[in-house]
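Asks: Sequence:
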Amino acid sequence: MLWSATARLSANPSPLHLPVFNQSITVFGKSKPSRVCCSPSRAMETNDDTSKAKGLSFDDFLSKKPYSPPTWASHLKPIPSHVFSLAHLPTPIHKWNLPNLPQNTEVWLKRDDLSGMQLSGNKVRKLEFLLAEAVAQGADCIITIGGIQSNHCRATAVAAKYLNLDSYLILRTSKLLVDKDPGLTGNLLVERFMGTHIQLISKEEYAKIGSVALTNVLKEQLLKEGRRPYVIPVGGSNSLGTWGYIEAMREIEEQLQIRSNRVKFDDIVVACGSGGTIAGLSLGSWLGALKAKVHAFCVCDDPDYFYDFVQDLIDGLQAGVNARDIVSIINICLLISMLQKYQVSGIGLRPYLFKDLNLNSKLEKQEDNHFKGWGRKETTQTSGTRAKGLGYAINTSEELKFVKEVATATGVVLDPVYSGKAAYGMMKDMAENPSKWEGRKVLFVHTGGFLGLFDKVDQMAPLVGNWQRMDVNESIPRKEGIGKMF
1 MLWSATARLS
11 ANPSPLHLPV
21 FNQSITVFGK
31 SKPSRVCCSP
41 SRAMETNDDT
51 SKAKGLSFDD
61 FLSKKPYSPP
71 TWASHLKPIP
81 SHVFSLAHLP
91 TPIHKWNLPN
101 LPQNTEVWLK
111 RDDLSGMQLS
121 GNKVRKLEFL
131 LAEAVAQGAD
141 CIITIGGIQS
151 NHCRATAVAA
161 KYLNLDSYLI
171 LRTSKLLVDK
181 DPGLTGNLLV
191 ERFMGTHIQL
201 ISKEEYAKIG
211 SVALTNVLKE
221 QLLKEGRRPY
231 VIPVGGSNSL
241 GTWGYIEAMR
251 EIEEQLQIRS
261 NRVKFDDIVV
271 ACGSGGTIAG
281 LSLGSWLGAL
291 KAKVHAFCVC
301 DDPDYFYDFV
311 QDLIDGLQAG
321 VNARDIVSII
331 NICLLISMLQ
341 KYQVSGIGLR
351 PYLFKDLNLN
361 SKLEKQEDNH
371 FKGWGRKETT
381 QTSGTRAKGL
391 GYAINTSEEL
401 KFVKEVATAT
411 GVVLDPVYSG
421 KAAYGMMKDM
431 AENPSKWEGR
441 KVLFVHTGGF
451 LGLFDKVDQM
461 APLVGNWQRM
471 DVNESIPRKE
481 GIGKMF
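Using full-length UniProt numbering, you'd call the opening residue of the sequence shown number 1 and step up by one each time.
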């Protein structure tokens with residue numbers, strides 16, 4: 001039974017008696033050719049010079065290699081000793097032809113949604129470093145925690161299985177559903193295919209106990225069973241995981257260097273959910289050659305929380321940088337509430353102006369309050385716009401309509417939790433403050449999460465009604481057997 005692989009998490013320490021699934025799988029690679037062997041003990045350790053000489057070899061995928069940081073990050077401490085090759089890198093960058101952009105503004109897309117299939121999205125970059133440490137410490141299972149449709153938890157389950165590690169996921173859900181089978185929608189389907197051990201916790205319990213305490217409860221239970229668990233925090237966001245997007249910044253720099261007509265990005269836009277991705281991008285932009293202004297569109301929590309959290313990550317790397325010097329988080333919930341108050345329709349992909357609402361001065365004051373060092377190093381300044389809307393993983397009909405319109409207009413499918421909200425916030429800001437974006441080249445980082453759309457099918461259904469029964473005129477000749485399907 002599928003339900004036997006899931007359980008209600010109890011905060012009272014007790015032994016876990018959950019089935020262990022050891023499934024043999026064959027892995028096929030794409031950008032980085034594959035290894036067939038999935039055991040970390042047999043994953044090939046490659047010599048750095050040899051790998052450079054050969055380029056991407058057949059054995060690169062799932063290999064564990066010594067890590068050398070970018071020169072501009074070599075002063076950070078501690079530097080990871082090794083990294084796994086789990087993602088299909090580099091991910092492409094291409095122009096994104098969004099309609100109704102400000103004059104002479106270009107938006108380009110960094111396709112981290114194409115970093116893999118089951119492993120798609122930004123989380124795999126963090127997992128490359130986190131799981132290298134887990135294997136080095138002799139772990140035989142991985143614990144992590146997140147929402148019921150957590151992309152990070154799904155990616156962790158897949159990556160762990162590739163490396164022959166069991167995975168234990170603590171998933172946050174409604175108190176009405178916490179004692180029921182969570183189903184097979186979206187990320188849950190992949191997780192349960194992996195034989196993952198799923199523990200359910202209500203949102204109310206999660207809020208009272210906290211993610212750290214909950215993972216510790218599960219860790220202690222597994223230790224008593226003789227297991228060797230390695231705990232990964234929410235979103236894989238800690239100082240070690242931050243290296244994933246420090247390394248991504250080096251990747252972007254190298255991609256720009258090999259272009260014949262080099263593009264110089266003025267801005268980078270990305271969703272912010274757990275803080276690790278934005279910490280790595282911001283620090284990499286600050287220290288590296290790109291010197292782009294990074295905009296973080298928050299899908300949960302509040303600006304002060306992310307200031308403090310990013311500061312902790314930076315301090316963990318001994319970067320000697322003040323988070324408020326490289327991260328500016330602008331809370332535009334004021335804008336959203338004003339739009340609702342004046343009953344202004346959502347943006348879709350149509351331009352709009354709110355000159356009569358006199359919001360610019362209010363937003364500028366908020367920005368000044370949250371960031372004191374703008375003039376000192378403005379080009380590497382990170383600005384964050386809160387795009388959470390109704391709340392984490394909760395969407396307005398306008399947000400979902402926007403996601404659908406973007407797909408129809410450009411062929412790019414955004415997820416509803418992260419990149420969809422970030423792109424919605426970006427277009428809203430471009431429409432409200434066009435002069436701020438005019439003539440700029442913007443890189444939008446698509447962080448994946450496609451599977452999350454399957455959790456929104458009921459809300460999306462009214463937006464995609466473009467189907468009908470084919471009408472074949474009676475005059476069209478008919479003959480039995482002429483249209484055989486096989």
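These aren't lab readings, by the way, just hints derived from the structure by calculation.
Just so it is clear, the structure is predicted and the values come from calculations on it, not from any experiment.
In this text, a Cβ means the ideal position worked out from N, Cα and C, and glycines have one as well.
Keep in mind that the hints are not guaranteed to be accurate.
Taking lysine to aspartate or glutamate and the EDC-like style, the derived pairs with C-alpha atoms no more than 20 Å apart in a straight line are [stated by the list, open to error]:
1. K484 x D315
2. K95 x E204
3. K291 x E251
4. K293 x D266
5. K77 x E106
6. K441 x E204
7. K291 x E405
8. K95 x E405
Using C-beta positions, here's what the derived DEER-type ranges look like [what the hints assert, rightly or not]:
9. E438 x V413: 27 to 33 Å
10. W467 x N97: 51 to 57 Å
11. S174 x E225: 28 to 34 Å
12. N104 x A289: 20 to 26 Å
13. G210 x Q137: 45 to 51 Å
14. A207 x P99: 50 to 56 Å
15. D458 x R259: 39 to 45 Å
Asks: Could you run down the list of hints and mark each one as holding or not?
Replies: For each hint, the structure was consulted:
1. K484 x D315: 67 Å, violated
2. K95 x E204: 43 Å, violated
3. K291 x E251: Answer holds: K291 to E251 is near 14 Å, not above 20 Å.
4. K293 x D266: Given pair K293, D266 holds - Cα atoms ~6 Å apart, limit 20 Å.
5. K77 x E106: Violated - the C-alpha atoms of E106 and K77 are around 36 Å apart, more than 20 Å.
6. K441 x E204: 43 Å, violated
7. K291 x E405: It is violated: about 32 Å lies between the C-alpha atoms, which goes past 20 Å.
8. K95 x E405: 17 Å, holds
9. E438 x V413: 27 to 33 Å: At roughly 28 Å between Cβ atoms, V413 and E438 fall inside 27 to 33 Å, so the hint holds.
10. W467 x N97: 51 to 57 Å: The hint (51 to 57 Å, Cβ to Cβ) is violated, given that W467 and N97 are roughly 26 Å apart.
11. S174 x E225: 28 to 34 Å: 29 Å, holds
12. N104 x A289: 20 to 26 Å: 24 Å, holds
13. G210 x Q137: 45 to 51 Å: Roughly 24 Å apart at Cβ, these two residues miss the hinted range, so it is violated.
14. A207 x P99: 50 to 56 Å: At 41 Å between Cβs, range violated.
15. D458 x R259: 39 to 45 Å: With a Cβ separation near 43 Å, D458 and R259 satisfy 39 to 45 Å, so the hint holds.
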